[in-house]
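Protein chains: 4
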Amino acid sequence: MPCRRAFLTAIASTLVFEPLVRARQGSTTPGEVIADLVAGNRILAIENVLDAMGHISVRHPSRPDRFLLARSMPPEVVTAADILELDFGGNPVDGSGRASYLERFIHSEIYKARRDVNAIVHCHTPSLIPFADSDVPLRAMYHMAAFIADGVPVFDIRQAAGMTDLLVRDAKLGKALAASLGNKSVALMRHHGAVVVATSIPNVVGRSVYLDLNARVQIQTAALGGKATYVDPAEAKLRMADPNEYARAWELWKRKVAR
Amino acid sequence: MPCRRAFLTAIASTLVFEPLVRARQGSTTPGEVIADLVAGNRILAIENVLDAMGHISVRHPSRPDRFLLARSMPPEVVTAADILELDFGGNPVDGSGRASYLERFIHSEIYKARRDVNAIVHCHTPSLIPFADSDVPLRAMYHMAAFIADGVPVFDIRQAAGMTDLLVRDAKLGKALAASLGNKSVALMRHHGAVVVATSIPNVVGRSVYLDLNARVQIQTAALGGKATYVDPAEAKLRMADPNEYARAWELWKRKVAR
Amino acid sequence: MPCRRAFLTAIASTLVFEPLVRARQGSTTPGEVIADLVAGNRILAIENVLDAMGHISVRHPSRPDRFLLARSMPPEVVTAADILELDFGGNPVDGSGRASYLERFIHSEIYKARRDVNAIVHCHTPSLIPFADSDVPLRAMYHMAAFIADGVPVFDIRQAAGMTDLLVRDAKLGKALAASLGNKSVALMRHHGAVVVATSIPNVVGRSVYLDLNARVQIQTAALGGKATYVDPAEAKLRMADPNEYARAWELWKRKVAR
Amino acid sequence: MPCRRAFLTAIASTLVFEPLVRARQGSTTPGEVIADLVAGNRILAIENVLDAMGHISVRHPSRPDRFLLARSMPPEVVTAADILELDFGGNPVDGSGRASYLERFIHSEIYKARRDVNAIVHCHTPSLIPFADSDVPLRAMYHMAAFIADGVPVFDIRQAAGMTDLLVRDAKLGKALAASLGNKSVALMRHHGAVVVATSIPNVVGRSVYLDLNARVQIQTAALGGKATYVDPAEAKLRMADPNEYARAWELWKRKVAR
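Protein chains in written order, with this note's numbering: chain A, 1 to 259; chain B, 260 to 518; chain C, 519 to 777; chain D, 778 to 1036.
Derived from the structure by calculation, the hints contain no laboratory data.
A hint or two may mislead.
What the hints assert, rightly or not - Below, simulated SDA-like cross-link-like pairs (lysine to any residue); rule was C-alpha separation at most 25 Å, straight line: (1) D:1004 / A:229; (2) D:949 / C:759; (3) B:486 / C:755; (4) C:745 / A:135; (5) D:952 / C:752; (6) A:227 / A:154; (7) D:1004 / A:159; (8) C:755 / D:822; (9) A:254 / B:338; (10) B:513 / C:755; (11) C:772 / D:825; (12) C:690 / B:501.
Here chain A stands alone, though its shape is the one from the complex (with noise of 0.2 Å):
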């Protein structure tokens, strides 16, 4: 309690960002960030995006130098009391001595390598690892999934830190998962999973729902046999125009969450 305290303390310092933030999240005041927050959690959990691992985390509305992340439990339950404030080096602010999970570095490189992003997925939806662990390109099978148009790389933790147990363990790990990103919307993990990221927290759930739908459809497809086509990049792009891509699934999701 008094670490959340703390934080609403904290952003209703810099009510004055408000409209930023609005605009940027999708969302208008601090409690709606975490409210959001939590409802991405739930709706990432019943779309089976995430079972009881993986986790979705935004960047702080007014400290862009921190992000909100949920302590180590499963996205399903977790709830706004949940939430930590964290900062680049992966440690929570508010000493309550609560561990986030143990793979916060994907969030934090990734926040720090790209201001454009504010809002992080990271996942083993079964459907992206025939991808993850093969030489065949996820590609953009219809114009739901147009943001991964410009291609998916595949991060191999290997060629950064050689035998590990495949998780990102350190800032190290994170700086390198980072760099095989670039400035695409989504990397694959080999042998574990991916991430994803977008400008809200609407965004990034809706691409992480539509990126799973996406890998089943390019599978059927594959399985059918035939010649296949993919989304036109400059197709891709102008789809893309649309800031709030997500925005009508998202009250649906919200709504069904909230039940």
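Based on these hints, arrange chains B, C and D on the given structure of chain A.
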């Protein structure tokens, strides 16, 4: 509310057409047409034909140059109060300023071109995309999908308009789609989804559900290997002599969404 | 109501046959046969073997030349009051005028031809269509589907009657299907579905559920590639020595539909 | 009831072993071992690893020559009162005459052969059968299934006993299965299913759930085409240094079955 009342008044004044409506729509009163459209929205959502996106419309029961379509919102949560009446320009006639879907021109142009069509579904059902994106034609695998035995065209928006955001944003694109559909029951939309048409709401819902199942079956048949056969167009024609093919399913689905 | 009372009276008058019924059906009273048939309808719906279409019947416990089948309606919502008693002409004997399924001749003709059969399912389960539509034979992948190790014939209605609407609309077509089934447990119906037979309701329900699972397994095995093996007919024969193979599943399923 | 009381008395008399139990099982009291076993049964059912068939056991916390297993019933509905204590002959020790599963020898013989194993699952999970029935080895696709990176043997009952009904009906067959398993974490059983072993109930449940997911991923990877890679055994070894790999999932699953 006023718009809804206006609409009800409008159709109330045309009660003389009711017997025709009954035969064509499977509904017996104007209120029932709206109730069926609401049910159709929800059924398509629980049957996973639609998610937060996509839409279903019905031709106005007494004014064949108008159609009914929800305002822009997720189909799963549409209620009778959300139904708008639109003219063939794609404009709501109630003056309330509420907007329908961006892609309403899919509906207006098909109703213009096809006098036999009274109900239309536009969807992004994942099972259909492999056929929209490849050179493998969608075929009728069993009697429940006999309506596609005469072929399923694929609409490629690039041939109509070059590079776009893939959406049917205006009447010109809607007209090109309607031309691609021709006299068929389904048109696939490359890198996007599909449009399904029928004589009534129960039929278009039934066709959409079984189109999805049929596509899954065809993909599984390809994965199984071997040499496949398809429903003969002559068998399909005999099968389609039943104008209420999906009546039993419709009654069950309505019970489910009424819970 | 009167028809149901008449039926109950009819079987009440044959209580002398009850021990036989008990052994054969796994049910101990006439009311239990009906209760099991209702449960079977609902179980097949929740297990996705049937949707709004398809049906399950049981041979009359004391009049082997009659059978019990629901009136024409979705299996998921069948109640005891919906069960009709039919003769081998496919006619309800209660005189109430209520109609059973169009394809009731599937049941009447198989009961006529197969004295060992006491329960029949007709279904359109999607996993079975790839085998009905191609030259890949459905094989027993594991012990739960041992009953198909002696082969699964495919009934092609065109060989019996040329071009049709694919439905088994009369006794002649039902007889042709029964001939195709021969002494086997399952016959696939090209471009349509399947028929499954067994000695009792629990067994025909169990077989139908595991036939679906087995078909999915075989398709996945094909997708995996490699060289597959199948349950040896000699192993299957030993396995089928258990006359109550699905008893444990049946108890669980009944609990589920009783909720 | 008397049997349950006898059992509780039996373990109550061995409370001195509790610290050991705690370390090994992740449970802190005898009652918690039983509660975890009940939870494990239900979790495996809701996660679709088990259906009405299959079972999970735990080595007795204080008598390593005994194990706990439900009486013969569907896992989904097991309660604490259904748990039996069995000796290594496969006999319940309570004298109540209640029978456990026919295939209890799977458990007794593996506990005999493997001192490191404290929990065992036997399942027919459909995703595993393609690997049990073909020459394609099951491989570790991602870190969540690192425990199979050292290989998955396939037990062929015909090599032990010629033609059978495929069931592990006696100690001899159980011993042959245990020999096939060797020092591995999983053995597939041709035309039947699999056995999964671990140091604790949470771990064997976690392994069973992710074994299913991993098998699906491998099948999808094969369907996708291309050249696949697998978790390196050295990476897997580092990954498995965590003895509580599935702790977070276990907490979530327990919450779900407690509802």
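Now the hints, each set against the structure:
Under the criterion of a C-alpha separation no larger than 25 Å, the hint pairing residue 1004 of chain D with residue 229 of chain A is consistent with the structure, at around 21 Å. For the hint pairing residue 949 of chain D with residue 759 of chain C, the CA-to-CA distance comes to about 21 Å; that is within 25 Å, so the pair holds. Restraint check: the Cα-Cα separation between residue 486 of chain B and residue 755 of chain C comes to about 30 Å, which exceeds 25 Å; the hinted pair is violated. Under the criterion of a C-alpha separation no larger than 25 Å, the hint pairing residue 745 of chain C with residue 135 of chain A is consistent with the structure, at around 24 Å.
The straight-line distance between the Cα atoms of residue 952 of chain D and residue 752 of chain C is roughly 23 Å, inside the 25 Å bound, and the hint therefore holds. A threshold of 25 Å between alpha carbons decides the hint, and for residue 227 of chain A with residue 154 of chain A the separation of about 24 Å falls inside it, so the pair holds. Between residue 1004 of chain D and residue 159 of chain A the CA atoms are separated by roughly 19 Å; this keeps the pair inside 25 Å, and the hint holds. Between residue 755 of chain C and residue 822 of chain D the alpha-carbon distance is near 29 Å, which puts this suggested pair outside the 25 Å criterion.
For the given pair, residue 254 of chain A sits about 18 Å from residue 338 of chain B by alpha-carbon distance, which is consistent with the 25 Å threshold. Taken as a hint, the residue 513 of chain B and residue 755 of chain C pair is broken in the structure, with Cα atoms around 45 Å apart against an allowance of 25 Å. Between residue 772 of chain C and residue 825 of chain D the alpha-carbon distance is near 18 Å, which keeps this suggested pair within the 25 Å criterion. Using a Cα cut-off of 25 Å, the hinted pair residue 690 of chain C and residue 501 of chain B holds, with the two alpha carbons roughly 21 Å apart.
In the structure shown, a violation is registered for the earlier hints numbered 3, 8 and 10, in ascending order.
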